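Produce the entire structure from the sequences given, and follow the hints as far as they go.
Chains as they are written, first to last, in our numbering: chain A, 1 to 368; chain B, 1 to 314.
It is possible that part of the hints are untrue.
Incomplete in silico selection of chain A near chain B, CB under 7 Å [said to hold, decoys possible]:
hint	residue
1	Thr36
2	Asp39
3	Tyr44
4	Thr148
5	Leu150
6	Ala161
7	Tyr321
8	Leu325
9	Leu331
10	Leu332
11	Val338
12	Glu341
13	Trp344
Covered, in the sense of this in silico footprint (three residues per stretch, anywhere, with C-beta under 8 Å from a C-beta of chain A), are these stretches of chain B [what the hints assert, rightly or not]:
hint	stretch
14	85-93
15	125-135
16	277-283
For the record, the hints were derived by calculation from the structure and aren't laboratory data.
Just so it is clear, the structure is predicted and the values come from calculations on it, not from any experiment.
For each residue, glycine too, the CB sits at the ideal point set by N, CA and C.
The lines below spell out each chain.
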Amino acid sequence: MTERARLSGMSLTPLVSSLVAILMAFVIGGIFLEATGKDALEAYRILIDRGLLSNTGLTETLKKMAPLLIASSGLLVALRAGVWNIGIDGQFMVGALFSAVTGAALVGDVPDPVMWIAAFAAGFIGGVAWALIPALLRVRFGLNEIITTLMMNYVALNVTAWLVKGPAKDPKIVAPQTRQIPLEHRLPKIPGSDVHIGLLVGLVCIILVAILFRSTVPGFMLDVIGRNRRAAVHAGIPVATLMVVALLVSGGFAGMAGANDVFGVQGLFKGNWNPGYGFTAFALVYLARLNSLLIVPFAFFFSFLLVGGDSMARRADVPTYFIELLEGLMLLCFAVAVYLERRWSQRTARAASSDPATTSLAVAGESE
Amino acid sequence: MTLNGIDVTDFLTAMLATGLLRAVPLAIASLGDVFAQKAGLLNLGIEGMMLSGCFFGFHAAYKTESVVLGMLGGIAGGLAMALLFGFLTIHLRVDQVLVGLAITIFAAGLTGYLFRDWYGGQNVAANVRARSIEIPLLSDIPIIGPAIFHRQIIFYICWALVPVFAWLLYRTRFGLNVRAVGESPFAADAAGVNVIRTRYLAIGLAGVMAGFAGAFLAVADLRIFTIGMTVGQGFIALAITMLGGWNPWRIAAGAILFGMLNALGDSLQIVGVGIRTEFIGMLPYIGIMLALVVLAGKTQLPASLGVPYARGQR
Chain A
1 MTERARLSGM
11 SLTPLVSSLV
21 AILMAFVIGG
31 IFLEATGKDA
41 LEAYRILIDR
51 GLLSNTGLTE
61 TLKKMAPLLI
71 ASSGLLVALR
81 AGVWNIGIDG
91 QFMVGALFSA
101 VTGAALVGDV
111 PDPVMWIAAF
121 AAGFIGGVAW
131 ALIPALLRVR
141 FGLNEIITTL
151 MMNYVALNVT
161 AWLVKGPAKD
171 PKIVAPQTRQ
181 IPLEHRLPKI
191 PGSDVHIGLL
201 VGLVCIILVA
211 ILFRSTVPGF
221 MLDVIGRNRR
231 AAVHAGIPVA
241 TLMVVALLVS
251 GGFAGMAGAN
261 DVFGVQGLFK
271 GNWNPGYGFT
281 AFALVYLARL
291 NSLLIVPFAF
301 FFSFLLVGGD
311 SMARRADVPT
321 YFIELLEGLM
331 LLCFAVAVYL
341 ERRWSQRTAR
351 AASSDPATTS
361 LAVAGESE
Chain B
1 MTLNGIDVTD
11 FLTAMLATGL
21 LRAVPLAIAS
31 LGDVFAQKAG
41 LLNLGIEGMM
51 LSGCFFGFHA
61 AYKTESVVLG
71 MLGGIAGGLA
81 MALLFGFLTI
91 HLRVDQVLVG
101 LAITIFAAGL
111 TGYLFRDWYG
121 GQNVAANVRA
131 RSIEIPLLSD
141 IPIIGPAIFH
151 RQIIFYICWA
161 LVPVFAWLLY
171 RTRFGLNVRA
181 VGESPFAADA
191 AGVNVIRTRY
201 LAIGLAGVMA
211 GFAGAFLAVA
221 DLRIFTIGMT
231 VGQGFIALAI
241 TMLGGWNPWR
251 IAAGAILFGM
261 LNALGDSLQI
271 VGVGIRTEFI
281 GMLPYIGIML
291 ALVVLAGKTQ
301 LPASLGVPYA
311 RGQR
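Right under this line is the structure:
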């Protein structure tokens, strides 16, 4: 990374675009709420009050941060290398199922910490396994990962639903679900709080990824690939291998996010259980400007939205889909903000050459 | 002749009829997306445009009890999303994958919100009935008669669009411009083609068709809306466009193939072959990946697909 790029990565200017985008999304969302006959200010007040200012709300927000942090740190590795892993949801589900089955097999027979580590490892393996198919298709046949990872989401929905009705099912219960992990064997709470230690796992993941990109050679290589694939090839970087690794790693992290939810929240895997973190993670990693440490505040913010959104549905009669709408608006406003930012930087420094936001991508059959 | 107590003729009729019905939205959305892709736009917003078409089509049909107005509502819903996509990717030149996914997320949130708010999330059916016509003599042929020659008028209109789109792409100046813009916007611009306008028209057409496809699903076929009802069909249509090599005839064939794949599961279940719904449910998605593998390297993507165009910046 050049000195200039490093500085721009550290400065606060890129953050302005994200904050403006979020603000704009809230304004447009507010107008939309009013247009559909809601009291926008009251709805936003409940959102903040319940998601942030109340004790239970804050606890829930911190809990929900964990899967977002874990999944986002993996997604960041992929996106920084220019790998479009849109299969987070599928990898999450398979990882969750793997970890739930592992937990159900081990619970009570081994010490809890051993079980947790095994379950997170199983989640990681599940996610990697699910990302492996798009990765192999890319290596062997040159298929771009966008469509294959998308398709794998829908396959995962069906495969996990089948497994949880058949081989992975708890035989004692009629409903299609894995054997429940008793409360006392779930992830312990952080001392002095009601938040389970998944949050710490998430923070560790982010720190690892930050170290990867700040001070390791593979991280540097991934960045070069993301910025200019052709240059990376000419520089002798093993582009194909690293891109596959990035895809697999991001799948593994998504799978660990699944393990986190099984052992921190649900205690089991149910058929058709898909919280849909994929798009949220995508939005938040983009708004964090692909910066590892900035993911932490943005994960907190998006988690707060998801938690507050549930309260909005109950107390202000605003359907929970409003949060998804808001996420979409944020990304759309972010697109506008990126454009304005680019014009601004071109005006201030005409030297600005190519912008990562307009880099090209081919869909299939890349032969470099 | 019977199999497990089911008449084989009935089985084949049902399978052909269902398969062709399921193929329609895929074919329609793919036909439109040919123009977007050929003009250099990778339209991941197609899923959102289709879903938008489903909801606004259903809403219009529910309120007016008219199939035609329902279809128009769906077209408007798809077009609105497409223009948003066009503005951000063509005008502002923001990354197409980012914008496409943003449109898909936005449409999922918007339609989910409005459906919950306006219908309380209940599954109400629109009181519409798409009129059918029975073609004399031909409809008396066993199996293909009832499956092909006794269908809704809109069904025939949809399939009639295949030659129309082939003509539009290969025989008109607009089609030529679109193909030129997708291969080399710079050369096209130098030759006097308005690149920006051509791309807007192309994405507009893709949005209209995606909305139409969604409306067909929600209005003509099912007459209900359910949240997230497209379940990836827009993405499948996008893949079929590529698999069909941007050729409307091959795309129609591909859509029928995937429609049949959908229908196969239903039909096997009717006959009593013990196959689980989950296996049937994932067939189209696996099918797309297999088809991509089989055709890998055999199709040449439009050279400028995914690349924004700015005059004088190469």
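Going through the hints against the structure:
1. Checking A:Thr36 against chain B: minimum C-beta separation of about 6 Å stays under 7 Å; hint holds.
2. Hint status for A:Asp39: violated, given a least beta-carbon distance of 14 Å to chain B, over 7 Å.
3. Here the hint on A:Tyr44 is broken, as its CB sits about 15 Å from the closest CB of chain B, past 7 Å.
4. The restraint placing A:Thr148 at the interface with chain B holds, with a minimum CB-CB distance near 6 Å, inside the 7 Å limit.
5. At about 5 Å, the closest approach between the beta carbon of A:Leu150 and any beta carbon in chain B falls short of 7 Å, and the interface hint on this residue holds.
6. The criterion of a C-beta within 7 Å of any C-beta in chain B is met by A:Ala161, whose closest approach is roughly 5 Å, and the hint holds.
7. A least Cβ separation of about 3 Å between A:Tyr321 and chain B falls short of the 7 Å threshold, and the interface hint therefore holds.
8. Checking A:Leu325 against chain B by beta carbon gives a least distance of about 3 Å; that is within 7 Å, so the hint holds.
9. A least Cβ separation of about 3 Å between A:Leu331 and chain B falls short of the 7 Å threshold, and the interface hint therefore holds.
10. A distance limit of 7 Å between C-beta atoms decides the matter here; for A:Leu332 the minimum to chain B is near 5 Å, and the interface restraint holds.
11. This hint holds: A:Val338 has a C-beta 6 Å from the nearest C-beta of chain B, less than the 7 Å allowed.
12. Annotation: A:Glu341 was flagged as interfacial toward chain B, and the flag is violated, the nearest CB pair being 11 Å apart, outside 7 Å.
13. The closest approach between the C-beta of A:Trp344 and any C-beta of chain B is roughly 13 Å, which is over the 7 Å cut-off, so the hint fails.
14. With 3 residues carrying a beta carbon less than 8 Å from a beta carbon of chain A, the stretch 85-93 of chain B meets the three-residue requirement, and the given coverage holds.
15. Three residues within the 8 Å Cβ limit are the bar, and the stretch 125-135 of chain B against chain A gives 0, so the coverage statement is violated.
16. Restraint check on the stretch 277-283 of chain B versus chain A: 4 residues with Cβ-Cβ distances below 8 Å, three needed, restraint holds.
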